[in-house]
Amino acid sequence: MTILAQNERPADDGLVASGQRGTVVLRGVSKRFGSTTAVDGVDLTIPGGSYVVLLGPSGCGKTTLLRMVGGHEVADAGDILLDGVRLNDVPAAQRDISTVFQHYALFPHKTVYENVEFGLKMRRLSPDERQRRVNEALAFMDLTNLRDRLPKQLSGGQQQRVALARALVTQPTVLLLDEPLGDLDRLLQLRMRVELRTLQRRLRITFIHVTHNQEEALAIADQIVVMQNGQIRQVGSPQAVYRRPTNLFTASFMGDNNILAGRVASVDGDGILLECEGLRLRARSAPEPVVPGQAIHAAIRASTVRVRQEAAAGATLPPNCVAARATFVEYLGDTVKLHCQTASGLALVAKVPEQDPSWQGIREDETDLMLEWDEDDVQLLTS
Amino acid sequence: MRTRGRWFNRFLGLYFALILLFLYGPILVMAVLSFQGPQGGMTFPMRGVGLHWWTRLFEVRASELQEAIIRTLLVAVETGAIAALFSVVIAFAYRRRLPGSSALLPMVLLALMTPGILLGLGMSLWWRILNFQPGHLALLGVHVVWALPFAFLVMIAVLNRFDPRVEESARDLGASEARTFFEIVLPIIWPGILSAALFGFTLSLNEFERSVLVTSQNTLPLQLWAMLTVQIIEPDLYALGTLTVLITFVIVAALFIPTVIGQFRRLGGATPPSEE
Numbered sequence: 001m002t003i004l005a006q007n008e009r010p011a012d013d014g015l016v017a018s019g020q021r022g023t024v025v026l027r028g029v030s031k032r033f034g035s036t037t038a039v040d041g042v043d044l045t046i047p048g049g050s051y052v053v054l055l056g057p058s059g060c061g062k063t064t065l066l067r068m069v070g071g072h073e074v075a076d077a078g079d080i081l082l083d084g085v086r087l088n089d090v091p092a093a094q095r096d097i098s099t100v101f102q103h104y105a106l107f108p109h110k111t112v113y114e115n116v117e118f119g120l121k122m123r124r125l126s127p128d129e130r131q132r133r134v135n136e137a138l139a140f141m142d143l144t145n146l147r148d149r150l151p152k153q154l155s156g157g158q159q160q161r162v163a164l165a166r167a168l169v170t171q172p173t174v175l176l177l178d179e180p181l182g183d184l185d186r187l188l189q190l191r192m193r194v195e196l197r198t199l200q201r202r203l204r205i206t207f208i209h210v211t212h213n214q215e216e217a218l219a220i221a222d223q224i225v226v227m228q229n230g231q232i233r234q235v236g237s238p239q240a241v242y243r244r245p246t247n248l249f250t251a252s253f254m255g256d257n258n259i260l261a262g263r264v265a266s267v268d269g270d271g272i273l274l275e276c277e278g279l280r281l282r283a284r285s286a287p288e289p290v291v292p293g294q295a296i297h298a299a300i301r302a303s304t305v306r307v308r309q310e311a312a313a314g315a316t317l318p319p320n321c322v323a324a325r326a327t328f329v330e331y332l333g334d335t336v337k338l339h340c341q342t343a344s345g346l347a348l349v350a351k352v353p354e355q356d357p358s359w360q361g362i363r364e365d366e367t368d369l370m371l372e373w374d375e376d377d378v379q380l381l382t383s
Numbered sequence: 001m002r003t004r005g006r007w008f009n010r011f012l013g014l015y016f017a018l019i020l021l022f023l024y025g026p027i028l029v030m031a032v033l034s035f036q037g038p039q040g041g042m043t044f045p046m047r048g049v050g051l052h053w054w055t056r057l058f059e060v061r062a063s064e065l066q067e068a069i070i071r072t073l074l075v076a077v078e079t080g081a082i083a084a085l086f087s088v089v090i091a092f093a094y095r096r097r098l099p100g101s102s103a104l105l106p107m108v109l110l111a112l113m114t115p116g117i118l119l120g121l122g123m124s125l126w127w128r129i130l131n132f133q134p135g136h137l138a139l140l141g142v143h144v145v146w147a148l149p150f151a152f153l154v155m156i157a158v159l160n161r162f163d164p165r166v167e168e169s170a171r172d173l174g175a176s177e178a179r180t181f182f183e184i185v186l187p188i189i190w191p192g193i194l195s196a197a198l199f200g201f202t203l204s205l206n207e208f209e210r211s212v213l214v215t216s217q218n219t220l221p222l223q224l225w226a227m228l229t230v231q232i233i234e235p236d237l238y239a240l241g242t243l244t245v246l247i248t249f250v251i252v253a254a255l256f257i258p259t260v261i262g263q264f265r266r267l268g269g270a271t272p273p274s275e276e
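Going down the list, the protein sequences come from chains A and B.
Residue 1 is where the first sequence starts when you use the working numbering, and the numbers rise one by one after that.
Residue 1 is where the second sequence starts when you use the working numbering, and the numbers rise one by one after that.
Same shape as in the complex, but just chain A (with noise of 0.2 Å):
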């Protein structure tokens, strides 16, 4: 099938095809708009063949990011190369790289089998050849019986599949992707993320996709990039991102973590001791060399958190144990958040499965709880 790159072959032969062809390598990226800058310095590799989302509130510089490296916007600093070539002064139209935009931005004009054909026209096929790789590209994307339709006679996720068939007709290696699935209804976005996932398989080419949405990062990446003012926070698979944030924003963004402020009391030969707002807390590892006294934020995702319904027996507690009341059950479906608050003041978030009998019979500011989490789940975001 020729909308497959030419790395499918090689595949199909047993070979490895990730880390051949559509790798993209950022060295001090810059761009600044006026006063503001909207990317700082990143410097960053996507390996060839990978999924890999850029994940960041609006106006992080991911946006921005994606244009440069789609040739739609100039770097003010730094290279940004595909395959060892720089691509710094490669005008959009020569690089082998496509772009699905924000909105699809199909021809209006131009009915589906126009739009898809549009690349190969400029890029001067043969009207067979054109006709060929169009029909393709067209059963590809199952869109055949939609050929003759105009962009506004097609509901969201056609039109998505008619700008991913243009995007890849011309055979990229890299496939930009800016907030795809930000058109669609919540249902079909669920669905086409799969899509999406299974798409890259099938042609194992390079995807950058960036989302402002975690869930959708997590979903789809390979590798997720946490982007915050035009920097770069972490970068890692959405395991490591979503289960050990290195740093203060990535662990708030990516949601349903407890953040407490505190400072390093002790550091042994297997731990950490902390002292955070009256609650101590024991911690395995720091991404980064801690001393004590030294000010620091802990991390602790809320379904980590375990709930047992039983009073404080007056002694002193263990770390990383705290009682605690809830304030407010929220049922999710799935889950439940238990909203706490400690003795001393302090909120705490638990999030336990629907099905675990421990939240049950939980009384709003009655019941007496205690909290516990194990050493190995609390963060310590240092950089």
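Among the clues, some could well be false.
What follows is a list of derived Cβ distance ranges for each label pair [as the list claims (entries may be wrong)]:
hint, chain 1, residue 1, chain 2, residue 2, range
1, A, Pro127, B, Val250, 39 to 47 Å
2, B, Asn160, A, Leu187, 32 to 40 Å
3, A, Pro127, B, Phe92, 27 to 35 Å
4, B, Phe92, A, Asn135, 34 to 42 Å
5, B, Phe11, A, Glu215, 46 to 54 Å
6, B, Pro99, A, Ile259, 41 to 49 Å
7, B, Asn160, A, Arg191, 33 to 41 Å
To be clear, the hints were calculated from the coordinates, so they are not data collected in a lab.
Idealized CB from N, CA, C, for every residue including glycine.
Place chain B on chain A using the hints.
Just chain B, lined up with the frame of chain A:
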């Protein structure tokens, strides 16, 4: 609309009806009076009803006015075309945020604020200083100056609604600047360009005060004014006025309304088919 109340809505309806009456009343009166009987005058009452003055318009007046009509149409078409072309270029420059583009809007709109009669006077003085007999060109000049701000405003509105990502995606797919413009941008914005041209055309067609000092060859409004001042006026002028309004209306309806509908559809006025 429940919160606004029924009386408020009725008031709005009445208000709208009054505005329509205010706008179209004079034209309607003129149209009705053009069907005066042969003994009828320029005002009510009607003395009989008939096509007497319409017949007279075509049989007697037409030859008198023919030259002015042709001249007027020619200038109007030229004004529309030039204003559209210029406004497209200026609007694109404005959109690209070229250096000095912030001064562009007030500069272009300045021509709107300048009293027309002074513009005409300045223009005719200028040609005299240059010792040049411009005739048609001078007329065209003031008309373009007059029509350009309107055409420019139309084009700014059109380009505002034009998603720049559509252009970017054409470049992304390998199109040169020229192909992007002619194959993508132009087909999308041409209804807007047509509206800009139409604006220029209608403004030129009815232009009086800017023209009066710059040309000795009368356009239709000038010719009518001349007739009003020197001749005994008769209801056939009403017939001519009605005809002019009718022609303008037909042109605008034929070209402008599809444009508006087209823009409306593109903006998502038409409901897309339900999700597959």
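So, going through the hints one by one against the coordinates:
Restraint check, A:Pro127 to B:Val250: a C-beta distance of roughly 43 Å satisfies the suggested window 39 to 47 Å. The supplied range of 32 to 40 Å is met by B:Asn160 and A:Leu187, whose beta-carbon atoms lie about 33 Å from each other. For the hinted restraint 27 to 35 Å between A:Pro127 and B:Phe92, the CB-CB distance of approximately 32 Å keeps it satisfied. Taking 34 to 42 Å as the suggested C-beta distance range, the pair B:Phe92 and A:Asn135 conforms, at roughly 36 Å.
A hinted range of 46 to 54 Å holds for the C-beta pair B:Phe11 and A:Glu215, which are about 50 Å apart. Taking 41 to 49 Å as the suggested C-beta distance range, the pair B:Pro99 and A:Ile259 conforms, at roughly 47 Å. As the Cβ distance of B:Asn160 to A:Arg191 is approximately 34 Å, the hint placing it in 33 to 41 Å holds.
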